[in-house]
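In order, the protein sequences belong to chains A, B and C.
Numbering of the first sequence is given in my numbering, commencing with residue 1 and proceeding in unit increments.
Numbering of the second sequence is given in my numbering, commencing with residue 1 and proceeding in unit increments.
Numbering of the third sequence is given in my numbering, commencing with residue 1 and proceeding in unit increments.
Worth flagging that the hints you see were computed from the coordinates, not collected in a lab.
All clues given are correct.
Derived pair list, reagent style DMTMM-like, types lysine to aspartate or glutamate, alpha-carbon separation capped at 20 Å: (1) C/LYS126 - B/ASP334; (2) A/LYS148 - C/GLU312; (3) B/LYS254 - A/ASP331.
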Amino acid sequence: MEAHTAAAIELKHIVKTFGSVVANQDICLTVNRGEILSILGENGSGKTTLMNIISGIYFPDAGQIFINGEEAVIRSPKDAFDYKIGMIHQHFKLVDVFSAAENIVLGFPEKDGFNIKRSAQRIKDISEQYGFDLDPMKKIYDMSVSEKQMVEIIKVLYRGADILILDEPTAVLTPQETQNLFAILRRMRDTGKAIVIITHKLHEVLSLSDRVSVLRKGEYIGTVQTAETSEAELTEMMVGKKISLNIDRSEPENPQDRLVVEHLNCVDRSGVKILNDVSFTARSGEILGIAGIAGSGQRELLESIAGLQSLQNGEILYHNPKTGAVENLRDKTPLQIRELGVRLSFVPEDRLGMGLVGNMDIVDNMMLRSYRSGKSAMLDRKAPRNLAERIIDQLDVVTPNANTPVRRLSGGNVQKVLVGREIASAPTVLMAAYPVRGLDINSSYLIYNLLNQQKEKGVAVVFVGEDLDVLLELCDRIMVISSGKITGVVDGRSATKEQVGLLMTKTEEGDSNA
Amino acid sequence: MHNNEKHKREPRFHIAKRDALVWWKAWLIRGCAVLTALVVSGIITVLLTGLNPIGVYATMIDGAFGTTRRIWSLFQNIAMLLCVGVAVTPAFKMRFWNIGAEGQVLVGGLATAACMILFSETLSTPVLFIVMIAASILAGMVWAVIPAFFRANWNTNETLFTLMMNYIAIQLVSFFTYQWSVPKGSGQIGVINRATKIGWLPAIGGHSYLLNILVVLALTVFMYFYLRHSKHGYEISVVGESENTARYIGINVKKVIIRTMLLSGAICGIAGLLLVSGTDHTITRDTVAGRGFTAIMVSWLAKFNPLYMILTSFLIVFLQKGAVEISTTFGLNDSFSDILTGIIIFFIIGSEFFINYAIKARTVQKGENA
Amino acid sequence: MLVTFIQRAVVQGIPLLLGSTGEIITEKSGNLNLGIPGIMYVGGISGVIGAFLYEQSLASPAAINPFLAVFIPLFCSILGSLLMGLIYAVLTVTLRANQNVTGLALTTFGVGFGNFFGGSLIKLAKSDMPSISLTATSNCFRQTLPFANDLGWFGKIFFSYSFLVYAAIIIALLASYVLNRTRIGLHLRAVGENPATADAAGINVSLYKYAATCVGSVVAGLGGLYYVMDYASGVWSNNGFGDRGWLAIALVIFAVWRPNVSILGSILFGGLFIVHNYIPNLSVSMQEIFKMLPYVVTIIVLVVISMRESRENQPPAHLGVSYFREER
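Same shape as in the complex, but just chain A:
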């Protein structure tokens, strides 16, 4: 409680805006030495922006930063290094064609000159000290995700940072790797370092940190001692008010097999298995949830059904409700799938990079799916304009008009435009990847309702989510994927959170190296 040490970092009234978006509004925070502080917040709450300000990537519009009680001006990452601040980014900042050692010494002026062999030896020493298994001369493009994270962490250790910021470090790690990481972080704390970990996983917050600071929608909500708080209190701080989710869920009516996926296998560019013998069935009139740690193969699974991912083997069988015919969608392009009469809609995870074109207006984005219709070589903008107006009206899209580039809409409105368009084509299968990520509560509920409406219309809905509470309240069945393998399918009404959580981390013990 009492300030026995000088604060390592003290933030005062930090403001940062991007165009019209306020990412950080008047944030005040303190990080002490010898403690682990968690910064908790939902996606889009401004956690990462704030940490980027501390590490010199962004410069605040207003406010002050104090390091060890002295006001600091951090204009660049180099300034941050000078204050011994080290950041481990969620998206690795590594040069692919460089070796681990080259990446680690990058931008670090060692006093005894540049000698990559000597640096490699030092890296080996650090690796041994903390139990990392890393070849310093290995090229980044040959590395797995967890190896890349090791490089990032060693990079900071190599520089002797005493204030460490980790942005969602466990998202890509196995439970075992996570435990290793936590052990290291605790050891560092005990040697007097200040550690900030950004996360939205409550159990990690509770098991690791000494104090928790909560952000919500760019604003600072408060800080509590971990020992004195509970999951419920933190959730309330994070989401604003205590919410019982109360998502409506109707009983599926006359469910029939719509999409039967059998034995899908696929590898990524570097030959790593991403989908491992995946089989499941999506039925009409029900919502099938897909749960799993981020990056377990969810994206590849949906993309292979949508015709965007080449497969090693497996079948994707679509049962056409009108004709009763069964079509194999494997190795078909999105266009061929549509030409078969398969009404498959897909709300991808990357909204502005895949689902929509940011620089085009709403009308032109409406046309993405439908512009081919008609024999004319020219475009018909009338129907898309009407659709745009209707979606703006029905889904309360906040936009000056239908001719506004979607890039300028807020995240929730972007998603409404995307989901609205995908639903407008009267799909028989609707796949949505993280459709409420970054959305406020109201928008999220709007999306849940839309999915439920589709389900009631007899659409087979596939919902990839990250929030277990939502999955358990929204979905009829939940399929759990872990490292590209289906570890179980549970009933949405009877399953417990623990049950799903366990399945999400299963493969590691189950069948290891295949």
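With chain A fixed as given, assemble chains B and C onto it according to the hints.
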């Protein structure tokens, strides 16, 4: 400790991306850039020639508009530059950096010249024209589709590839100028069919350039509608903005790249036809005269809008004509025009920064530590 | 015959070597500078202007001071190319203009600048010389090692050149060393590969881009100077330098972005450039076909490296893209 004023290292301003600037402000900035560039060009001219500033601009205007012949020549040059600009634009909209228009136009011209030389006695005039048009378009397409094919299939860097293709085209033309040179071995083809005028594009109403200008105008309007209102144009925009989105909605990216480059090459071929059959009636290594490169700037300055390109090509050709007049008057080298063109483009591309980015002063809030 | 061929190939290759070394340094920072041909013209003509004014100030050509005769053109050339590099850097790095457009404009400007002053210098300086022929200065530039002729073919191939030839090779080796063996090189490569990462690592991306572009321009400009002072014996003729600037850019690809490979590559290109002179009974028109060879070879290299899945020997990943930190 609270109010220690330690602002000495704070950056006084920072740069942020603008959402969008009102259109008239954007054009005001561009206008100012052009004006500044003209003033700078004027100053440089005054320094080099000792002419008074008003005289500089008067001479330039005289060079561009002084006589009827000059006006025709001005519009002919605008049309040719515009034609190549129109040709490269669809590729640029697709973010395909085709800097090989020089070569594509040149092979189009070479094909035209070949037809004029080889078939002038064997084919009747209408058939010859059809063969010329087909040959020039085909040649331009072949030259454009080779780099497109490699880019589509192996992501081969198209900027460097198309650049190299230019020089292969130039050497090819050199080869044929020796093969067909008149008189033999002179390395020059000279005016083809000077007496018979076979294969020359006809003069309309006594104006030999009018047909060229009309063809280019038609192509410009066509390209505007093609890019803005056709399904192909829409696909080009989607591919240019995001290849991921294009895949997601089932656009065959490879097909679009190749189709667009075929179109681009075809129009380059037509430009070659207009230059050889409609203007020079001969072919040399310098027939295209750098238009393939200048057209890139024309297209880019016009934000890839074919209608704006009429303005930007006018601006550049006017400068060139004006500068040539100044150099002639003062017995200087006419490369002076390239210097002025360079300066004006530097200013305009520099001004885009102020349209796309805002420089914001940092608002320092003091005395808030209550 | 073969000895002469190799010797001529080296002489032909040196402007390309300097141009491509300069362009490699620039491209390693992520800047695709298509203004190199213009910069090489400016490098050449600036040296000519300096030498011209110096020779004009002399009472007689015999009074020439060898040191000044070399130093003045060299200094002017460096200054001219440096300014060109600065124009490119200000526009593309600070003002984030499109690199292709800026580079092409720079080439238009530079070639125009060269030809304009090449064609107008005499008139502007109110001199009575019939043409720009800087024989005295050129003789200073063309000093060769005295013992070269005593060593037969060996001396002719290795020691018969002027100092700029050796300088070019040393510069290429030095560039190779700096790029691959020093911290500056590591940082520069990081900037070209992944500027966001370099930025996060505390590297001043803009500074590196500026420095690489300016140093690259100066090196390339020396290629222009070498061409006019040594190869062309001090005689400036408009468009005489031709398309060597573009050939230098081709050589960058051929050398897969390695200055040391560029040394052999430039000699090979130089050889390809003149091989038609050494093939007996070649018609004039076929000579023109032979001049295509360097470009064809470059395209083949470009296609082969793009077809191979290898992650090595690729262009810098962020070549041609401006970097803006607050992008999101």
